[in-house]
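Letter by letter, the chains look like this.
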Amino acid sequence: MMEFLIAWWANVPEAAAAYALAALGLLLCERSGVLNLTAEGLMLVGAMAAMGAALQIEGYPGMALVVGMLAAALVSLLFALLVVTLRVNQVIAGLAIVFFCQGFTQLLGVMFDWQNHPVPGLLPVRIPLLADIPIIGRVLFEQNGVVYLIVPIFFAVQWVLHQTRAGLRLRSVGENPEAADAAGVSVPLVRFGAIVAGSALIGLAGGLLSVGGVKMWFPDMAGGRGWIAVALVIFARWQPWRALAGAVLFGCIESLVPRIAAAGIRVPQYFMLMTPYVITLVVMAWTAWKGRSRSSEPGALGQPFLREERR
Amino acid sequence: MTVTTAAPALALSGVSKRFDGFPALDGAHFSVREGEVHALLGENGAGKSSLMNVAAGLYLPDEGEVRVDGVVRRFSGPLEAAACRIGMVHQHYKLVRALSVAENVMLAAMAVESQSAAGDRSADKVGTTASRAALRTSYGSRLARIRALIDDHAARLGFSIDHRRAVHTLSVAEQQRVEILKALVTGARILILDEPTAVLTDEEATRLLQTMRTLAAAGAAVVLVTHRLRDVREHADRVTVMRAGRTVAECDPRATSTAELTELIVGAAAPAVTRKAAAPGVARLAIRNLTCRRHDGFEVLANLSLKVRSGEIYGVAGVGGNGQTELVEALLGIEPPVSGEVIIDGVGDIAMASPAARQSIGVAAIPADRYRLALAGTLPIADNYGVTRVASGAYGSVLWVDFRRMRQEAAAGVREFDVQGVRRIEQPAGLLSGGNAQKLVIAREFASAPWLVVAHSPSRGLDVRACADVQRRLIDAREAGAAVLLVSEDLEEVLLLADRIGVMSRGRLVAEFDAPVDRQRIGQAMVDHA
Numbered sequence: 001m002m003e004f005l006i007a008w009w010a011n012v013p014e015a016a017a018a019y020a021l022a023a024l025g026l027l028l029c030e031r032s033g034v035l036n037l038t039a040e041g042l043m044l045v046g047a048m049a050a051m052g053a054a055l056q057i058e059g060y061p062g063m064a065l066v067v068g069m070l071a072a073a074l075v076s077l078l079f080a081l082l083v084v085t086l087r088v089n090q091v092i093a094g095l096a097i098v099f100f101c102q103g104f105t106q107l108l109g110v111m112f113d114w115q116n117h118p119v120p121g122l123l124p125v126r127i128p129l130l131a132d133i134p135i136i137g138r139v140l141f142e143q144n145g146v147v148y149l150i151v152p153i154f155f156a157v158q159w160v161l162h163q164t165r166a167g168l169r170l171r172s173v174g175e176n177p178e179a180a181d182a183a184g185v186s187v188p189l190v191r192f193g194a195i196v197a198g199s200a201l202i203g204l205a206g207g208l209l210s211v212g213g214v215k216m217w218f219p220d221m222a223g224g225r226g227w228i229a230v231a232l233v234i235f236a237r238w239q240p241w242r243a244l245a246g247a248v249l250f251g252c253i254e255s256l257v258p259r260i261a262a263a264g265i266r267v268p269q270y271f272m273l274m275t276p277y278v279i280t281l282v283v284m285a286w287t288a289w290k291g292r293s294r295s296s297e298p299g300a301l302g303q304p305f306l307r308e309e310r311r
Numbered sequence: 001m002t003v004t005t006a007a008p009a010l011a012l013s014g015v016s017k018r019f020d021g022f023p024a025l026d027g028a029h030f031s032v033r034e035g036e037v038h039a040l041l042g043e044n045g046a047g048k049s050s051l052m053n054v055a056a057g058l059y060l061p062d063e064g065e066v067r068v069d070g071v072v073r074r075f076s077g078p079l080e081a082a083a084c085r086i087g088m089v090h091q092h093y094k095l096v097r098a099l100s101v102a103e104n105v106m107l108a109a110m111a112v113e114s115q116s117a118a119g120d121r122s123a124d125k126v127g128t129t130a131s132r133a134a135l136r137t138s139y140g141s142r143l144a145r146i147r148a149l150i151d152d153h154a155a156r157l158g159f160s161i162d163h164r165r166a167v168h169t170l171s172v173a174e175q176q177r178v179e180i181l182k183a184l185v186t187g188a189r190i191l192i193l194d195e196p197t198a199v200l201t202d203e204e205a206t207r208l209l210q211t212m213r214t215l216a217a218a219g220a221a222v223v224l225v226t227h228r229l230r231d232v233r234e235h236a237d238r239v240t241v242m243r244a245g246r247t248v249a250e251c252d253p254r255a256t257s258t259a260e261l262t263e264l265i266v267g268a269a270a271p272a273v274t275r276k277a278a279a280p281g282v283a284r285l286a287i288r289n290l291t292c293r294r295h296d297g298f299e300v301l302a303n304l305s306l307k308v309r310s311g312e313i314y315g316v317a318g319v320g321g322n323g324q325t326e327l328v329e330a331l332l333g334i335e336p337p338v339s340g341e342v343i344i345d346g347v348g349d350i351a352m353a354s355p356a357a358r359q360s361i362g363v364a365a366i367p368a369d370r371y372r373l374a375l376a377g378t379l380p381i382a383d384n385y386g387v388t389r390v391a392s393g394a395y396g397s398v399l400w401v402d403f404r405r406m407r408q409e410a411a412a413g414v415r416e417f418d419v420q421g422v423r424r425i426e427q428p429a430g431l432l433s434g435g436n437a438q439k440l441v442i443a444r445e446f447a448s449a450p451w452l453v454v455a456h457s458p459s460r461g462l463d464v465r466a467c468a469d470v471q472r473r474l475i476d477a478r479e480a481g482a483a484v485l486l487v488s489e490d491l492e493e494v495l496l497l498a499d500r501i502g503v504m505s506r507g508r509l510v511a512e513f514d515a516p517v518d519r520q521r522i523g524q525a526m527v528d529h530a
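Those sequence lines, one after another, are chains R and V.
Letter 255 of the first sequence, counting from 1, is numbered 255 in this note's numbering, and no numbers are missing.
Letter 433 of the second sequence, counting from 1, is numbered 433 in this note's numbering, and no numbers are missing.
Extracted from the complex, chain R is given alone in its bound form:
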């Protein structure tokens, strides 16, 4: 039994890391008032680009992850152009980007024959001494490098949001773009910045799936994690630390599913695949029920900004 639990928990941090990074990227973007549904698509882009880089340059998995981030950021420019500059409906633009990315990554991945080629990828880093602690050691201190970076990254984003001028501008744009505009903040520029920065984090989450997790690439490998990240942001009421807690919860579920089957417990496979979404629905309904004050939602979420010119 203990062995089962440790094997399960040891897989949680890595699974949770992808959710956490994707949710954090979305959160950053949505705090600037842009409703972002592109996560699923951008994770696919990040996963494919990172794997492509890993296969081309061999070794340097960190470099491969950076390539994944850049690729996702690049695609997000298209989304930013649509929703910020052209003020297209943000839901429709987000969905279109997802479907585009699904087709596009399959096309490129198959064309360059990156499918099902295992790479060494990110290896676990053993932290001396700490890794020898029973149970905790294996769960927390034998993970890949990116997992260790999650908490610092969350601190950094939290700090940027609340302790810097850029963060104040970003929050004001998300809450009341008219007031921010009157205070001389360039609303389009801030939103572009937030989308690109957030998307880089989503790209990193994608790269983590291919280079960090299964260490190979196959089409549609994000498998709906991007959608769960979208729900996580709502669950977290747009607060970074709560998003991290939600990511851990979903990391637990994700790594439990295959283990239950392996342990010989007979549960229909499709039921297990469905559970994360059932939990997503429950969580969303619960937060909607609890959070009827709606005060924590960015005030201008989903609203395009057009300065009223009357000069």
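Accuracy of the hints is not assured; some may be wrong.
To be verified - Distance ranges between label pairs, derived from CB positions:
1. 290/R with 233/V: 50 to 56 Å
2. 379/V with 271/R: 45 to 51 Å
3. 29/V with 290/R: 55 to 61 Å
4. 379/V with 290/R: 34 to 40 Å
5. 171/V with 129/R: 56 to 62 Å
Said to hold, decoys possible - A few chain R residues that face chain V, going by a derived Cβ cut-off under 10 Å, partial list only:
6. 182
7. 184
8. 296
Said to hold, decoys possible - Here are a few chain V residues that sit away from chain R, every Cβ distance over 12 Å (derived from the structure):
9. 16
10. 211
11. 302
12. 359
13. 421
Think of the hints as simulated: they come from the structure by calculation, not from any bench.
Just so we're clear, the structure is a prediction, and the values are computed from it rather than from any experiment.
The beta-carbon is built from N, C-alpha and C at its ideal position, and this holds for glycine as well.
Following the hints, put chain V in place on chain R, whose structure we already have.
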């Protein structure tokens, strides 16, 4: 009081501005000196706000010049004006509701500093309260400085404000203070307030005007844009009157009579309200033991009972926020009551009926917030006019709407009720100014002879003429035999119109009077129970 210096702090001359070919300003002039409160008076649409928007850098004038301390300036945006230490508090506050008071002030300060740092070529611009060097300091120490400045200014003006609180938790009057503090912390020396008292209760307005006096005494130049004569007569050192985009007079408000000022504003003496004696009939609206609770359980209406008879206006007076809004919302079916009855003669209890059901029995509703509750701003005037009667089949059936007829009737209504500023009947209703939007609401609600009228602050924010028009309509309705319930925070209006007056305090009806009644006695009832 008036400090005589070589040049006025702010002087605008020969300012013209057109919007779509329509002149909003036509050679207007205005000047304000340091140390004075200068009122800018005029009807809605006289060009007061437009002129001040030119001064604050929001509008670029077609002609004319802006001088600050005698130096000609040309502002291409509000930040450049702010760098010249001109601050404006708009009618609609530009605050980020989710941020704290200090963060809102900081956001404005950051913008002004970077503006002065960027455009600081001439030495006379330096000296903003928060200096340019501040741009290089850390966020935390900046915020601490801003907090200190807020407390400092607030103490000097005689009010306290918690800079940690989020703006959305503040009252309207407190939000206005945040706007004023924002201007002061960013170094404003010329402070323009656009209709600041329109949203405040009398008591709050008096406090604000005292604050403005304090500022002027400390050497600021304060511009008070208003259409309330009382504000001007009691608190301004000088007054400039505008009409139809032009400056028509500049005078000493204490040496000018109310009649003279009114004539300057409207061009001709304001139409006085005439009325016949009341001829009340049966009780058409009877409210019995009405109780409403807020979401947090606070009892905002407590066992309120009153009767309104046909052919009379029943006025509900009281200091704002004593349950008036909740009473009106309960009557219009916006927020259902917890208990109690609303009995309509010949219909029965409608306390739980939907707004549509109330409409169908002929309740004419004139809510206080016309843009939120009475009009769909982006829809055409014609649709707004016709919407209440579409369901009753006035414009065709479920499958087909007779838009032509709706437009014709809307055009007739617009003409009959003298709604100004309608270029096309298809234009969005949101483009109408406050007074004309209100007239449109009344035109719709009174399209078929009203039977029962529920009006909440119907002339709030309207100029002298529109106000008289609206009041005339209510009296006409009463003389045609309607029962009119007038809920208003403006005591003058209640005294002028009502046949019977009830005073509300803390959700209760604490006193009832028959007109004519001594205003002292009503005032006594309003404060005794507060």
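Which of the listed hints are not met by the structure?
The structure conflicts with no hint, since it agrees with every one listed earlier.
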